[in-house]
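Could you put the whole structure together from the sequences, leaning on the hints where they help?
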Amino acid sequence: MSWFEKLIPSRIGTSTRAKGNVPEGLWVKCEGCGSVLYRAELERANEVCDKCGKHMRQYARARIKQLMDPDSYRELDEHVRPVDALKFRDSKRYRDRLSQATKDSGENDALIVVTGKITGIQVVVAVFDFRFMGGSMGSVVGEKFVRACEHCIANGLPFVCFSASGGARMQEALFSLLQMGKTSSKLAQLAEARLPFISVLTDPTMGGVSASLAMLGDVIIAEPGARIGFAGPRVIEQTVREKLPEGFQSSEFLLEHGAIDMIVSRGEMRETLGSLLEMLLKKPASSSSDVSVQQQEPVAAEAASSQPVPDTAQTETQAAAMSNPQETANAGSSGIADSPSAGKTATDKNTRSSESGDVPDGTTPRPTN
Amino acid sequence: MNPDYLDFEQPIAELQAKIRELQFATEDADINISDEVTKLENKLDSLTQGIFSKLNAWQVAQIARHKLRPYLRFYIDALFTDFKELHGDRLYGDDRAIIGGMARLDGHPVVIIGHEKGRDTKAKIKHNFGMPRPEGYRKAKRLMELAERFELPVLTFIDTPGAYPGIGAEERGQSEAIARNLFVMSELRTPIISTVIGEGGSGGALAIGIADRVLMLEYAIYSVISPEGCASILYKSAEKASDAAEAMGITSSRLLGLKLVDRVVNEPLGGAHQNPDKMAATLAAALKEELAAQQQLSIDELIRNRREKWRQFGEFQEENNA
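The listed protein sequences derive, respectively, from chains A and B. The first sequence: position 9 = 17 (this note's numbering), numbered continuously. The second sequence: position 205 = 207 (this note's numbering), numbered continuously.
Heads up, some of the hints might be wrong.
With a straight-line Cα cutoff of 30 Å, these simulated BS3-like cross-link-like pairs (lysine-lysine) come out [unchecked claim]:
#1 Lys100(A) x Lys111(A)
#2 Lys56(B) x Lys45(B)
#3 Lys111(A) x Lys238(B)
#4 Lys280(B) x Lys45(B)
#5 Lys126(B) x Lys251(A)
#6 Lys86(B) x Lys280(B)
#7 Lys95(A) x Lys238(B)
#8 Lys290(B) x Lys69(B)
#9 Lys111(A) x Lys62(A)
#10 Lys124(B) x Lys69(B)
#11 Lys69(B) x Lys20(B)
#12 Lys111(A) x Lys95(A)
#13 Lys261(B) x Lys95(A)
#14 Lys311(B) x Lys69(B)
#15 Lys251(A) x Lys86(B)
#16 Lys251(A) x Lys291(A)
#17 Lys311(B) x Lys95(A)
#18 Lys124(B) x Lys251(A)
#19 Lys73(A) x Lys62(A)
#20 Lys125(A) x Lys290(A)
#21 Lys56(B) x Lys100(A)
#22 Lys86(B) x Lys126(B)
#23 Lys41(B) x Lys261(B)
#24 Lys128(B) x Lys251(A)
#25 Lys238(B) x Lys100(A)
#26 Lys37(A) x Lys59(A)
#27 Lys280(B) x Lys261(B)
#28 Lys95(A) x Lys56(B)
#29 Lys56(B) x Lys69(B)
#30 Lys20(B) x Lys45(B)
#31 Lys128(B) x Lys280(B)
#32 Lys261(B) x Lys100(A)
#33 Lys41(B) x Lys69(B)
#34 Lys86(B) x Lys290(B)
Computed, partial: chain B to chain A, Cβ under 10 Å [stated by the list, open to error]:
#35 Phe26
#36 Ile169
#37 Ala209
#38 Tyr237
#39 Met250
#40 Gly316
Quick caveat, the hints were computed from the structure, so don't treat them as lab data. Quick reminder that beta carbons are idealized off the backbone N, C-alpha and C, glycines included.
Printed below as a string of structure tokens:
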């Protein structure tokens, strides 16, 4: 340390980092388009920029709150805490890094597990918190993940995991590497029990997490614009000594290369998961959920009329029900979603379904029986 | 200065050179200096013992990557008979960073899969320095499934700096290829014994390392990231690799102590490269013993044990104060 560095109070160094992690200001700048966004508004929009659609990182508890049916869930294994088995010390002690991470994030470690309902379907959901040491996987993440799977197996529940992780946690050395085997082994048992595992990749999903649990989903979904890959871009650049192609390791890149099933925006995630799980579990399309696209004519009309839909829309809906069951189904869904476009429901099916986002792409509404 | 030897091995190299000179001299002359040679050989042993008993983690890493260290190809020839190499993943290509095939160990057919680094420059390029691309892992998976189908035990040999960080590798799903192997090996219904023979580099190593028994040669290393990688990220300087190696605990004795590996196979004095044949004989004996023990079990017991083994890794605490 130079004499000059010694003169500077140490907090100057740390204050900038804290700012990067937890924006405290009233206004934040969009990482995508640079627009200045009102903090509270951005939170309401689930950290998605309303100007450019950029998905910024969302922390575990906010995501859980957005995703789960209100008051339907409880946390599992929240008391599992990390230990410093190796007495690891680099430029800082691991113990100190842990307490700092807990202070910054309010979490014990980087994975939070809950059980509860998504659109009425009982599930177990594990969510990585990137604020806690970059969402890195150590013993606690591995243990909580495995217990989540065991809870699924014991109760016959499907499993959903949202990953956001730089990879294995170096401070736990080989313990963390072996978590890749531990989690993958348990997922193999979940698969053997024929319980669905949906893996959702969010920004970033890299290294040991990507090369184990995250890529083992029966269905793999990514959020738009997430970085997903095995090796970090700098490492690759240094190895191959060439510039990486545009969009390399983005969700869109992975979709194009056949590595993931679909890209789903945060706003549509809940409905998409609900619909996928219903099909995987061979449940009828639920009438209580927002995705009532597979309704029979009379049921759809009933669902629509039981919702607070403007009078005009309702009459149009009922009129449509006489002529076209597809229109009815869509109208019902728009009404429930309380969408401002509900009044126009019966006019243009295509534009409406893409506007409201209630109807998953490619799902052709069709009457059951 | 012997360029094939590491800094801390130079005294050994010098003494070895001196002994060789003397031996050449005795062939020509009538004088009997065998006493002298024996004395020097004893001195060499105690010198080597002295150096090797005090190796730090970083020095062990250098032994694990020694340019004279026996690679997989050597062990295949030394341990097995009838080796029939099987190529390709049937999807895209044949990645020579992983070699696989069938062979006989003590007359019994087995499937062998392992990393090969390549000795000379040409071979290193051919084998991509032992850094597999997805095709390598998918070839490994194909061979494991073949082994399961025909009830042949699987022996894997780990010696890699890590999975290859390249554009094509990412495009073709490096993560998925590794993850899939972890998944498949976890439930593969045949015994799997993995041995780290050199460098156990991260996910690229683990991708063929989910086993019933994990062995390490005495001077092999096994780690979540290379000491250099860890140093440049956590210490912001690659020169701190030695500190990082120490902190991570990458050596066989440390990992055995932590119960993260099952068995350490002792190396000849001065490391495997000083006496490859002796190393091969020790390894062969260990593998036969391990395999025999696993083959005593029914497949259901085997799978149950493997599940339990991989379930219990990890150190954490739990407070039930809720």
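Status of each hint after checking the structure:
For the suggested pair Lys100(A) and Lys111(A), the alpha carbons sit about 16 Å apart, so the restraint of at most 30 Å is met. Annotation: proposed proximity of Lys56(B) to Lys45(B) holds, straight-line Cα distance about 17 Å (limit 30 Å). About 24 Å separates the Cα atoms of Lys111(A) and Lys238(B), which keeps this hinted pair within 30 Å; it holds. With a C-alpha separation of about 20 Å, the suggested pair Lys280(B) and Lys45(B) falls inside the 30 Å cut-off, and the hint holds.
With a C-alpha separation of about 25 Å, the suggested pairing of Lys126(B) with Lys251(A) holds against the 30 Å cut-off. Taking the CA atoms of Lys86(B) and Lys280(B), the gap is near 24 Å; set against the 30 Å cutoff, the hint holds. A distance of roughly 20 Å separates the Cα atoms of Lys95(A) and Lys238(B); the hinted pair therefore holds under the 30 Å criterion. Proximity of Lys290(B) to Lys69(B) is assessed by CA-CA distance (about 28 Å); at most 30 Å being required, the pair is judged to hold.
For the hint pairing Lys111(A) with Lys62(A), the CA-to-CA distance comes to about 28 Å; that is within 30 Å, so the pair holds. Simply put, Lys124(B) and Lys69(B) have alpha-carbon atoms about 14 Å apart, close enough for the 30 Å limit, and the pair holds. Distance hint between Lys69(B) and Lys20(B) is fulfilled; the C-alpha atoms sit about 22 Å from each other, no more than 30 Å. Taking the CA atoms of Lys111(A) and Lys95(A), the gap is about 20 Å. The hint holds against a cut of 30 Å.
For the hint pairing Lys261(B) with Lys95(A), the CA-to-CA distance comes to about 16 Å; that is within 30 Å, so the pair holds. Distance check on the hinted pair: Lys311(B) and Lys69(B) sit about 34 Å apart at the alpha-carbon level, beyond 30 Å; violated. For the hint linking Lys251(A) to Lys86(B), the alpha-carbon distance of about 40 Å lies beyond 30 Å, and the restraint is violated. Between Lys251(A) and Lys291(A) the alpha-carbon distance is near 48 Å, which puts this suggested pair outside the 30 Å criterion.
Under the criterion of a C-alpha separation no larger than 30 Å, the hint pairing Lys311(B) with Lys95(A) is consistent with the structure, at around 24 Å. Between Lys124(B) and Lys251(A) the alpha-carbon distance is near 26 Å, which keeps this suggested pair within the 30 Å criterion. For the given pair, Lys73(A) sits about 20 Å from Lys62(A) by alpha-carbon distance, which is consistent with the 30 Å threshold. Distance check on the hinted pair: Lys125(A) and Lys290(A) sit about 17 Å apart at the alpha-carbon level, within 30 Å; holds.
Taken as a hint, the Lys56(B) and Lys100(A) pair is honoured in the structure, with Cα atoms around 27 Å apart against an allowance of 30 Å. Distance restraint check for Lys86(B) and Lys126(B): the Cα-Cα separation of roughly 21 Å lies within the 30 Å cut-off, and the hinted pair is therefore satisfied. Distance hint between Lys41(B) and Lys261(B) is unfulfilled; the C-alpha atoms sit about 40 Å from each other, more than 30 Å. Taking the CA atoms of Lys128(B) and Lys251(A), the gap is near 24 Å; set against the 30 Å cutoff, the hint holds.
In summary, the hint linking Lys238(B) to Lys100(A) is supported, as the alpha carbons are separated by about 12 Å, within the 30 Å threshold. For a cut-off of 30 Å, the pair hint linking Lys37(A) to Lys59(A) stands: about 11 Å separates their Cα positions. For the proposed pair Lys280(B) and Lys261(B), the alpha carbon gap of about 27 Å is at most 30 Å, so the pair holds. Only pairs whose Cα atoms come within 30 Å are accepted, and Lys95(A) paired with Lys56(B) is accepted, the gap being roughly 21 Å.
For the suggested pair Lys56(B) and Lys69(B), the alpha carbons sit about 21 Å apart, so the restraint of at most 30 Å is met. Proposed proximity of Lys20(B) and Lys45(B) is supported: the alpha carbons are some 12 Å apart, at most 30 Å. Distance hint between Lys128(B) and Lys280(B) is fulfilled; the C-alpha atoms sit about 28 Å from each other, no more than 30 Å. Using a Cα cut-off of 30 Å, the hinted pair Lys261(B) and Lys100(A) holds, with the two alpha carbons roughly 26 Å apart.
Note on Lys41(B) and Lys69(B): the hinted pairing holds, with a Cα-Cα distance of about 29 Å set against a maximum of 30 Å. For the hint pairing Lys86(B) with Lys290(B), the CA-to-CA distance comes to about 20 Å; that is within 30 Å, so the pair holds. Here the hint on Phe26(B) is broken, as its CB sits about 45 Å from the closest CB of chain A, past 10 Å. The interface hint given for Ile169(B) is met, as the beta carbon of that residue sits about 6 Å from the closest beta carbon of chain A, less than 10 Å.
Hint on Ala209(B) holds. Least Cβ distance to chain A is approximately 8 Å, under the 10 Å limit. Of the supplied interface hints, the one on Tyr237(B) holds, with its beta-carbon coming within about 5 Å of a beta-carbon of chain A, less than 10 Å. Hint status for Met250(B): holds, given a least beta-carbon distance of 4 Å to chain A, under 10 Å. A distance limit of 10 Å between C-beta atoms decides the matter here; for Gly316(B) the minimum to chain A is near 3 Å, and the interface restraint holds.
Going down the numbered hints, you'll see the structure goes against 14, 15, 16, 23, 35, while the others check out.
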